[in-house]
Every structure is written in structure tokens, then in C-alpha cells.
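Peer 1: Now for the letters of each chain:
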Amino acid sequence: MERDPNDFELAVFSLLWSEHCGYKHSALLLKRFPTDGPAVLQGPGENAGVVDVGGGEAVAFKVESHNHPSAVEPFQGAATGVGGILRDIIAMGARPIALLDGLRFGRPDWGFSRAVAGIGHYGNSVGVPTVGGEAVFDDAYEQNPLVNAMCVGVLPAERVTRARARGTGNLIVLYGATTGRDGIGGASVLASQELSEEDGDKRPTVQIGDPFTGKKLIEASLALVEGGLVASLQDCGAAGLASSLAEMAAGGEAGVDVELDRVPLREDGMEPVEIMISESQERMVAVVEPGRLADVEALCRRWELEHAVIGEVTETGELRAFFGGELVGTIPARLLTDEAPRYRVSPEPRAAAAPIVHDPIPVEPDDLLALLASPNVRSRRAVFERYDHLVGSRTVRRPGLDAAVLRLPPSHRGLAVSLDGPGRAASLDPHTAGMQAVLESARNVACAGGRPLALTNCLNFGNPEKGEIAWELVEAIEGMAQACEALGVPIVSGNVSLYNETGGRPIDPTPAVGCVGLVEDVREIPGRWAEGDVVLVAGAPELSLDGSEYQARFLGGAAGRPPRPSAAAEAALVAFLADAAPVLTSAHDCSDGGLAVALSELALWSGAGADVDLEPDALEWFGEGGGRAVVTCRREDVTRLDDAVPLREIGVVRGDRLLGVTLDRLRAAHEGGER
Amino acid sequence: MSEVRPRVGVVTFPGSNDDRDAVWALAALGADAKPLWHADERLPALDAIVLPGGFSYGDYLRAGAIARFSPAMGAVVEFAREGGLVLGICNGFQVLCEAGLLPGVLRPNRSLSFVCRDVRLTVERTDTPFTSRCRPGQELTIPVKHGDGCWFAPAALLAEVEGDDLVLLRYAEGENPNGSVADVAGLVSPEGNVMGLMPHPEHAVDPLLGSGDGALVLASLVDAARDRVLQAA
Numbered sequence: 001m002e003r004d005p006n007d008f009e010l011a012v013f014s015l016l017w018s019e020h021c022g023y024k025h026s027a028l029l030l031k032r033f034p035t036d037g038p039a040v041l042q043g044p045g046e047n048a049g050v051v052d053v054g055g056g057e058a059v060a061f062k063v064e065s066h067n068h069p070s071a072v073e074p075f076q077g078a079a080t081g082v083g084g085i086l087r088d089i090i091a092m093g094a095r096p097i098a099l100l101d102g103l104r105f106g107r108p109d110w111g112f113s114r115a116v117a118g119i120g121h122y123g124n125s126v127g128v129p130t131v132g133g134e135a136v137f138d139d140a141y142e143q144n145p146l147v148n149a150m151c152v153g154v155l156p157a158e159r160v161t162r163a164r165a166r167g168t169g170n171l172i173v174l175y176g177a178t179t180g181r182d183g184i185g186g187a188s189v190l191a192s193q194e195l196s197e198e199d200g201d202k203r204p205t206v207q208i209g210d211p212f213t214g215k216k217l218i219e220a221s222l223a224l225v226e227g228g229l230v231a232s233l234q235d236c237g238a239a240g241l242a243s244s245l246a247e248m249a250a251g252g253e254a255g256v257d258v259e260l261d262r263v264p265l266r267e268d269g270m271e272p273v274e275i276m277i278s279e280s281q282e283r284m285v286a287v288v289e290p291g292r293l294a295d296v297e298a299l300c301r302r303w304e305l306e307h308a309v310i311g312e313v314t315e316t317g318e319l320r321a322f323f324g325g326e327l328v329g330t331i332p333a334r335l336l337t338d339e340a341p342r343y344r345v346s347p348e349p350r351a352a353a354a355p356i357v358h359d360p361i362p363v364e365p366d367d368l369l370a371l372l373a374s375p376n377v378r379s380r381r382a383v384f385e386r387y388d389h390l391v392g393s394r395t396v397r398r399p400g401l402d403a404a405v406l407r408l409p410p411s412h413r414g415l416a417v418s419l420d421g422p423g424r425a426a427s428l429d430p431h432t433a434g435m436q437a438v439l440e441s442a443r444n445v446a447c448a449g450g451r452p453l454a455l456t457n458c459l460n461f462g463n464p465e466k467g468e469i470a471w472e473l474v475e476a477i478e479g480m481a482q483a484c485e486a487l488g489v490p491i492v493s494g495n496v497s498l499y500n501e502t503g504g505r506p507i508d509p510t511p512a513v514g515c516v517g518l519v520e521d522v523r524e525i526p527g528r529w530a531e532g533d534v535v536l537v538a539g540a541p542e543l544s545l546d547g548s549e550y551q552a553r554f555l556g557g558a559a560g561r562p563p564r565p566s567a568a569a570e571a572a573l574v575a576f577l578a579d580a581a582p583v584l585t586s587a588h589d590c591s592d593g594g595l596a597v598a599l600s601e602l603a604l605w606s607g608a609g610a611d612v613d614l615e616p617d618a619l620e621w622f623g624e625g626g627g628r629a630v631v632t633c634r635r636e637d638v639t640r641l642d643d644a645v646p647l648r649e650i651g652v653v654r655g656d657r658l659l660g661v662t663l664d665r666l667r668a669a670h671e672g673g674e675r
Numbered sequence: 001m002s003e004v005r006p007r008v009g010v011v012t013f014p015g016s017n018d019d020r021d022a023v024w025a026l027a028a029l030g031a032d033a034k035p036l037w038h039a040d041e042r043l044p045a046l047d048a049i050v051l052p053g054g055f056s057y058g059d060y061l062r063a064g065a066i067a068r069f070s071p072a073m074g075a076v077v078e079f080a081r082e083g084g085l086v087l088g089i090c091n092g093f094q095v096l097c098e099a100g101l102l103p104g105v106l107r108p109n110r111s112l113s114f115v116c117r118d119v120r121l122t123v124e125r126t127d128t129p130f131t132s133r134c135r136p137g138q139e140l141t142i143p144v145k146h147g148d149g150c151w152f153a154p155a156a157l158l159a160e161v162e163g164d165d166l167v168l169l170r171y172a173e174g175e176n177p178n179g180s181v182a183d184v185a186g187l188v189s190p191e192g193n194v195m196g197l198m199p200h201p202e203h204a205v206d207p208l209l210g211s212g213d214g215a216l217v218l219a220s221l222v223d224a225a226r227d228r229v230l231q232a233a
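From first to last, the protein sequence lines stand for chains W and H.
Sequential numbering of the first sequence, starting at 1, is according to our numbering.
Sequential numbering of the second sequence, starting at 1, is according to our numbering.
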């Protein structure tokens with residue numbers, strides 16, 4: 001700028017150059033991800049990624065964190081996380097058709113329950129089904145819980161809307177809720193610092209959600225896009241107008257003049273800078289050609305939304321803010337976005353522990369029951385029944401196993417969607433954690449009959465200014481990238497959440513990965529196993545108890561070093577599962593808790609037992625490691641399965657028992673949880 | 001004459017969520033389904049009206065308490081008073097109770113949590129425009145998804161409701177998801193032309209999506225609406 005910024009400008013810089021908005025510690029590392037492919041219509045850098053699914057349709061999706069707001073106030077933090085990711089999807093011109101949520105807490109306590117309630121409060125009220133996600137409990141998240149929200153939307157492939165201010169003289173229209181003092185400084189104060197004991201006074205930085213206005217905003221925005229009334233749309237989220245307008249100006253290689261006294265306010269006496277950076281929820285910004293303004297205003301009135309022309313597109317390349325006719329700030333837009341500072345992190349590797357070698361450990365059915373009842377394995381029914389997972393009439397495969405499937409009417413095609421993070425291996429090897437997150441989400445989609453199309457990711461880590469955390473970040477990204485390359489699947493959107501530390505304790509490295517896959521025919525996806533079906537295990541990776549649920553429960557906590565998955569074998573397994581889907585009667589990913597838990601979950605999902613022959617050894621029953629899946633098919637169809645992956649026949653579906661336990665007892669443990 | 005497609009209107013309030021699902025399901029079952037707008041005081045000529053699920057006006061007050069005052073509801077009440085067929089689903093049921101077209105009220109679920117799951121229901125009567133395609137005593141599987149679905153009436157009103165045989169659907173034993181009195185899931189008005197229910201029949205018209213049993217309720221309505229068209233002709 002070649003001068004000192006004034007106070008207004010300084011406040012804008014402080015937010016947009018925060019880690020949350022500016023990605024200053026992560027931007028260089030993220031270049032490692034493969035982001036392109038023949039079907040990619042929009043990669044990272046926009047409000048969401050967009051992938052062509054054929055038939056003239058496209059899918060827009062993204063996952064985003066709302067960790068720190070949820071740590072301070074779990075209900076509103078989670079609710080506004082959902083609201084924010086919904087606006088990212090509608091900004092692309094897409095109708096949201098599914099939400100997924102990744103929750104990581106210390107234990108299933110009050111805070112967890114409030115986060116679930118907040119997600120339901122928003123998602124249920126706006127009529128978008130919540131169809132999946134994960135709930136993981138570990139001491140590492142006790143003081144710093146994670147709330148990641150993912151949204152998937154559909155749109156015509158030729159109508160991708162982008163956040164670009166173009167056309168000098170076009171009008172900037174703000175519509176939705178009024179603007180108040182809520183959420184001021186959220187992006188920098190909350191999202192880009194470590195938390196501490198005294199965070200009660202940060203509560204005013206948490207935004208308050210209004211899903212009713214959010215619902216009207218969705219419908220009005222889609223009507224604006226469908227009517228061809230807007231040239232561009234942008235969510236008004238972290239850092240408020242400052243971020244929205246800067247990104248639109250930079251994206252459009254233009255400038256924006258904004259008159260802050262024209263913004264509809266909900267309280268008196270707000271300073272220009274407060275209006276500029278307020279994170280009041282349920283607001284969108286549109287670029288409108290002057291000739292279409294009357295139609296835009298009529299539509300906002302129909303949906304009873306506040307709206308105002310607050311500025312116009314210029315050719316200055318600058319974001320200029322006025323208040324009462326006075327210029328209060330001028331900043332070159334690119335300086336706030338593309339030219340924000342980029343730091344190289346300084347990784348300090350942590351020495352790897354040696355793998356732990358065990359003599360065979362005999363196991364018995366009570367061990368299985370104990371694992372099924374443990375917080376990380378038990379049924380998630382009590383969570384997903386609090387979410388409307390049916391609205392929209394698309395949900396062919398409901399939540400509960402691997403991935404949900406949503407159909408794309410009028411065709412019989414569909415989307416399989418999943419959101420996953422790493423298991424307990426995360427604390428032992430960040431590289432493996434990165435691979436696991438990508439591979440598990442892809443495997444879950446494939447088990448539901450989908451062929452992975454693209455991924456979205458949310459990198460939840462500690463403070464990157466510490467060498468060990470920087471190393472975790474670098475290693476996890478490398479693992480993710482290698483897994484993506486093996487699968488041939490790009491990452492098209494994402495979000496980074498750093499500084500997840502409270503009282504100096506960082507969380508485990510937690511890359512969360514969302515996968516969207518295409519299902520050719522939703523009538524042919526794997527479902528439930530049935531009497532007489534052959535039970536097989538697909539995949540034969542190296543197994544270990546290191547980083548397993550069994551180790552955490554029975555051997556004193558995560559320790560040792562889990563085996564690194566073989567990227568090639570993993571990719572072959574995903575392809576096999578997607579190819580074999582029409583032949584398989586059921587399929588289920590084998591992850592937390594190992595083979596015995598996967599068999600139990602599939603038996604309970606199917607409502608039938610099986611005679612299976614497993615050695616009563618901890619490694620055989622509960623070992624984890626690389627990817628495996630339990631699959632079943634009719635006896636006569638076994639020869640139709642290709643031999644691209646190792647297949648091991650372990651039994652037959654029959655009766656009402658599994659591994660010596662009745663289904664009723666398995667269900668009581670799985671549904672009832674620990675007493 | 002089954003090609004006659006009766007005109008069934010579906011009201012969209014701000015905050016309605018299952019309006020498009022209802023339009024889709026009714027059209028699939030042979031109706032000429034017409035979206036209606038809450039702010040319109042006058043309705044087009046219709047053979048039946050459906051009030052869909054959702055959170056009308058946000059339902060930040062008691063569910064349905066604001067929607068009953070909407071301009072379109074004035075016309076719906078008039079339509080019902082003249083004998084028109086009206087079906088309220090979930091939030092629509094709440095609105096009908098608030099508007100005084102059906103007895104009782106809907107309270108928050110006894111669990112105080114939103115609940116979304118399939119429930120089994122027992123059909124109590126089949127001699128109504130909403131259940132004619134069902135068999136007496138038939139068990140239907142239809143999903144519920146609501147936070148305020150606990151139908152309640154004081155003892156005297158409940159005795160009237162039971163005495164007049166107004167309960168059309170009850171939750172099967174052990175299935176009641178909300179604590180409603182007498183396991184009431186769906187009711188008809190004393191005049192027999194207005195029904196409300198908490199389960200969502202529009203989400204159970206295609207077995208691919210879980211169950212086809214809801215189609216029996218909606219197709220009964222479409223049949224009855226069609227009969228009225230034919231009688232008028």
C-alpha cells in the first residue's frame with residue numbers, strides 16, 4: 001500500500017490475514033493435493049468444488065470446520081456451522097440435498113449432545129437431510145472438540161455460479177438477515193488462536209443461527225439463480241462483508257465500492273468497521289445487472305428477506321468503503337486474498353515408535369460385546385434419529401452403515417456420500433492417518449455401490465507454528481495426496497482449521513475427508529445379507545493391534561506403530577467393491593474394531609446371523625490396518641467376482657447367532673452401550 | 001375414468017420443507033398437484049388441499065401457531081367448512097389443530113428430542129376419504145420426523161374423540177415415538193373431510209426409499225378427490 005493502514009483497514013487486514021481466511025500456514029502445503037480431473041468443473045478456491053456427474057448434472061460439495069465456536073458454545077457453534085456450509089453450496093447455484101457431520105469430542109457428554117441438537121436444529125428446520133458423518137470420542141478432543149460440516153448439492157452442469165464481481169456498474173446487493181454486532185472477530189479471535197480456560201468471554205464472538213431465515217435464503221437464492229437474475233453469488237461468512245467483497249473483487253479482477261450506511265442493521269450506532277466485519281448469519285451477496293434489480297427486489301420481498309443495494313462493481317481493483325459519503329478505507333482487493341502472506345512451516349519430525357509384537361491373545365465373545373458397547377463402536381442410531389434424513393425424497397440408503405445413497409431423479413442414478421476421519425492411528429503416525437482418512441471415505445462409498453468421483457477435506461490440526469504440529473500437517477497431507485493419486489480421485493474443495501489446542505494440548509492430527517461417488521443404478525446397490533449367502537473378506541492387508549480400538553480398550557491405550565496401507569492394494573479394493581456392487585447382497589467396510597465388529601454390524605443391519613470360522617485370536621477378530629471389507633453374495637455368484645483382490649471365504653449366512661452370540665445380545669450391546 | 005387427475009393443492013408456507021415431496025408423491029399417484037403460496041388469500045379451484053410438513057414461519061412459537069393466521073389458511077378453513085378435503089401432514093397437522101379444524105393439540109415429544117424413524121401404524125377405520133385403500137386393522141410402515149408430535153387432549157375431549165371414532169391411525173404397540181395419548185398418530189374431523197397425521201405418507205410412496213405404505217393414504221385422498229370431480233360432472 002506504501003502507507004500505514006488506518007484503523008478500519010487494519011481491522012480488515014487482521015481478519016483476512018488470519019489463518020482462517022488467509023491460509024497463511026497451509027496454502028503452500030495444499031499445493032501437494034491433486035485437484036484436477038476430466039470431471040472437475042470447479043476445483044479449490046471457490047465456495048465449493050463442483051464435479052460433472054454426466055446427464056447434464058453436476059454436484060457441488062465441501063466440508064468446513066466450526067470447531068472453536070463449538071468449543072465455546074456447542075449448540076450455536078454446530079448450528080451455524082451447518083448454516084455456513086449450506087450457504088457455500090447455494091453460492092455455487094446448487095440445491096443442497098445432503099448434510100454430513102464429523103463430530104469429535106472427549107466423551108459423549110453434554111457438549112456432544114448439544115452439538116447434535118444444534119445440527120438437528122438447523123438441518124431439520126431448513127429441510128436438508130442429514131445422512132451421515134462420524135462421531136468419535138477420545139481424550140485428545142476433551143478440551144477442543146471438532147465439529148466439521150459437509151454439504152452436497154446438485155445443479156445443472158452448465159450453470160455453475162461463481163463469486164466473481166464482473167461488469168463495471170453492476171450492483172452489489174446484500175440480502176437475507178439484518179446485520180448486527182454478533183460474531184465480530186470470529187475468524188481471527190476464535191478460529192485462529194489457541195483456546196484457554198478463560199474463553200467464556202469469547203462467547204460474544206460466536207454467531208447465532210436463525211434457520212428459518214436460512215431456509216428462506218436457500219429458496220430465494222435458488223430462485224434468483226434459476227431465474228438468471230444474478231451474475232454472481234457469494235456467501236457472507238467468516239469476516240463478513242470484508243471477506244465476501246474482497247473475494248468477489250479479486251475473483252472478478254475488479255474493484256468494489258461499498259456504502260456501509262446502506263446495510264440494513266439490527267441495532268443502532270454500529271461503527272463502519274463493525275458493519276464491515278460483522279459475522280451475522282444468513283446473509284448473501286449478489287452481483288446484479290441494473291436492469292434486473294427490480295426482479296431481484298421483488299423476489300426478496302416474496303421471501304420476506306431484507307435486501308439493499310450496498311455498492312457497485314468498479315474497475316479500480318480496490319475494495320473501497322464509504323460511510324455517510326466519506327471514504328473510510330481503501331485496500332487493493334488482491335492484497336486481502338491472493339497476496340496475503342504465505343509462511344513456510346518448519347517441520348520437526350517426531351521419532352516413530354516401533355511396532356509392538358504380541359504373542360497370540362485369545363479372545364472370547366464377551367470381548368466382542370464390550371467393544372460393540374464402547375463409545376466409538378456402538379450404534380449411532382441415537383444420533384442419526386435426531387436428524388431428518390428423509391426430506392427431499394432421495395434417500396435410498398439411510399444412515400447407519402458406511403455411506404448413504406441419494407438418488408438423482410428422474411434417472412436411477414445416485415450419489416453415495418461419506419465423511420470420515422482417521423482412527424486411533426492418528427496419534428501414532430500422521431502419514432497413515434492421512435492415507436486412512438482418504439481410503440476409508442472412498443471405501444465407504446464403494447461399499448454402498450458408488451464409484452468415488454472426488455473428495456473434499458478439512459484439516460484439523462494444532463498450532464502450525466510448533467515444529468511437531470507442522471510435521472504432522474506435512475506428513476498427513478503427503479499421506480492423503482498419495483492415497484488420492486492411487487485412487488485417481490482429486491480433492492476439489494476444503495478447509496483448514498489450525499490452532500486446535502486448549503491449554504497447550506493439541507488435538508490428534510485429524511484430516512476429515514468427504515467422498516462423493518456415483519452410483520450407476522440405485523436399485524442394484526448392496527443391501528442386507530440373506531440366508532444362504534456366502535460371507536467373504538475382500539482384501540488382505542497387514543494387520544496389527546497398534547492403533548486399534550481393541551488396543552485402546554484392553555491394552556492400555558494407543559501405542560506402537562500401525563502398518564502403512566499399500567496404496568495400490570487399497571485402490572484395487574475400492575475398484576473391486578464398486579465393480580462388484582450389483583452382484584453383492586451386502587458389503588461393509590472393516591474399520592474400527594476389526595473383522596468381528598464389522599461382521600456384527602452387518603448381521604445387525606441385516607437382521608440375520610452367520611456361521612463364520614475365525615481363529616479366536618485378537619489379531620484375527622479385532623486387528624486393524626489397511627482396508628478390508630466384508631462382502632456377501634449368493635453361492636452361484638461367487639464365480640462372478642473378479643480376482644483383482646484377495647478373497648477369503650469365511651462362512652455362510654444362517655441362523656440368529658454370530659461368533660457364538662445371539663443377535664439379541666449383540667444388539668443389546670451395540671444399541672445399549674456401556675452401562 | 002381413472003385418467004381424471006383431480007386438482008390437489010399443496011400450500012407452501014415460508015419454512016415448509018416437505019411441500020415439494022408432497023407435490024411429487026401426489027403427482028406420482030395420479031393427482032394434478034398444484035403448489036399454493038401462503039400469502040395468497042384466494043385459492044384456485046381445487047378438489048383437495050394438503051398442508052405439508054416443515055417448520056412454518058420457523059415455528060419459534062408453538063408449532064403451527066403462526067401459520068394458522070396466514071392469508072392462505074383463511075381460504076383453507078373456508079374450503080374445509082364447505083366440505084372440501086384437507087389433509088395435514090406433520091406441521092400441517094399442527095396447523096389444523098391450531099386452526100381448530102381438528103381436536104387436540106401437539107406438544108413436544110416426551111423425549112424432548114426430534115425423532116426420525118420408520119414406525120408401524122394400525123389402521124382403525126377404512127370408511128374415510130383418507131384410508132379407503134387400506135384394510136381394517138392393516139399395519140402400515142411410514143416414517144415420522146418431528147419434534148412436536150405428541151398429540152394431547154384432556155380426558156373429556158379424548159372420550160369424545162374416541163366415542164366419535166375419529167382416530168384413523170394409531171402407533172402399533174411399542175412404537176409410539178412421541179408419547180401421544182391413546183397412541184394417536186392420525187385423526188379425522190367429526191365431519192369426516194379433514195385429516196391430520198404426524199407420520200409422513202409422502203415419504204413412503206416408493207419401496208426403493210423404504211416403504212410404499214404411505215401411498216395407500218395419499219391414493220385414498222386422490223381417489224376421493226377424483227370421485228368428487230366425477231360426481232360434479
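Mixed in with the good hints, there may be bad ones.
Negatives, chain W to chain H, calculated, CB over 12 Å [stated by the list, open to error]:
id : residue
1  : F212
2  : G228
3  : L305
4  : P375
5  : R397
6  : R505
7  : R564
Distance ranges between label pairs, derived from CB positions [as the list claims (entries may be wrong)]:
id : chain 1 : residue 1 : chain 2 : residue 2 : range
8  : H       : A28       : W       : P156      : 16 to 24 Å
9  : W       : P156      : H       : W37       : 22 to 30 Å
10 : W       : E304      : H       : R120      : 38 to 46 Å
11 : H       : S113      : W       : D295      : 52 to 60 Å
12 : H       : G192      : W       : R381      : 48 to 56 Å
13 : H       : A172      : W       : G37       : 44 to 52 Å
14 : H       : S113      : W       : E531      : 43 to 51 Å
15 : H       : P71       : W       : R32       : 55 to 63 Å
16 : H       : R120      : W       : G291      : 53 to 61 Å
Because the hints were derived from the structure by calculation, they are not lab data.
Every residue gets a Cβ at the ideal spot worked out from N, C-alpha and C, and that includes glycine.
Peer 1: All hints, please: hold or fail.
Peer 2: Going through the hints against the structure:
With a minimum CB-CB distance of about 3 Å to chain H, W:F212 fails to clear the 12 Å threshold, and the non-interface call is violated. A cut-off of 12 Å between C-beta atoms confirms that W:G228 is not in contact with chain H; the least separation is 21 Å. For W:L305, the condition that its CB be more than 12 Å from all CB atoms of chain H is violated, with the nearest at approximately 10 Å. Every C-beta of chain H lies more than 12 Å from that of W:P375, the closest at about 19 Å, which supports listing it as non-interface.
The Cβ of W:R397 sits about 10 Å from the closest Cβ of chain H, inside the 12 Å cut-off, so the non-interface label is violated. Remark: the non-interface label on W:R505 is consistent with the geometry, its nearest Cβ contact in chain H lying 32 Å away (cut-off 12 Å). Residue-level check passed: W:R564 sits 40 Å from the nearest beta carbon of chain H, beyond 12 Å. The hinted window of 16 to 24 Å between H:A28 and W:P156 holds, with their beta carbons roughly 23 Å apart.
As the Cβ distance of W:P156 to H:W37 is approximately 25 Å, the hint placing it in 22 to 30 Å holds. Under the hint 38 to 46 Å, the C-beta atoms of W:E304 and H:R120, about 40 Å apart, fit the expected range. At about 42 Å, the beta-carbon gap between H:S113 and W:D295 misses the expected band of 52 to 60 Å. The supplied range of 48 to 56 Å is broken by H:G192 and W:R381, whose beta-carbon atoms lie about 38 Å from each other.
In this structure the hint that H:A172 and W:G37 lie 44 to 52 Å apart at CB holds, the actual value being about 50 Å. Between H:S113 and W:E531 the C-beta distance comes to about 36 Å, which lies outside the given range of 43 to 51 Å. In this structure the hint that H:P71 and W:R32 lie 55 to 63 Å apart at CB holds, the actual value being about 57 Å. Between H:R120 and W:G291 the Cβ separation comes to about 57 Å, which falls inside the hinted range of 53 to 61 Å.
Going through the hint list in order, the structure does not satisfy hints 1, 3, 5, 11, 12 and 14.
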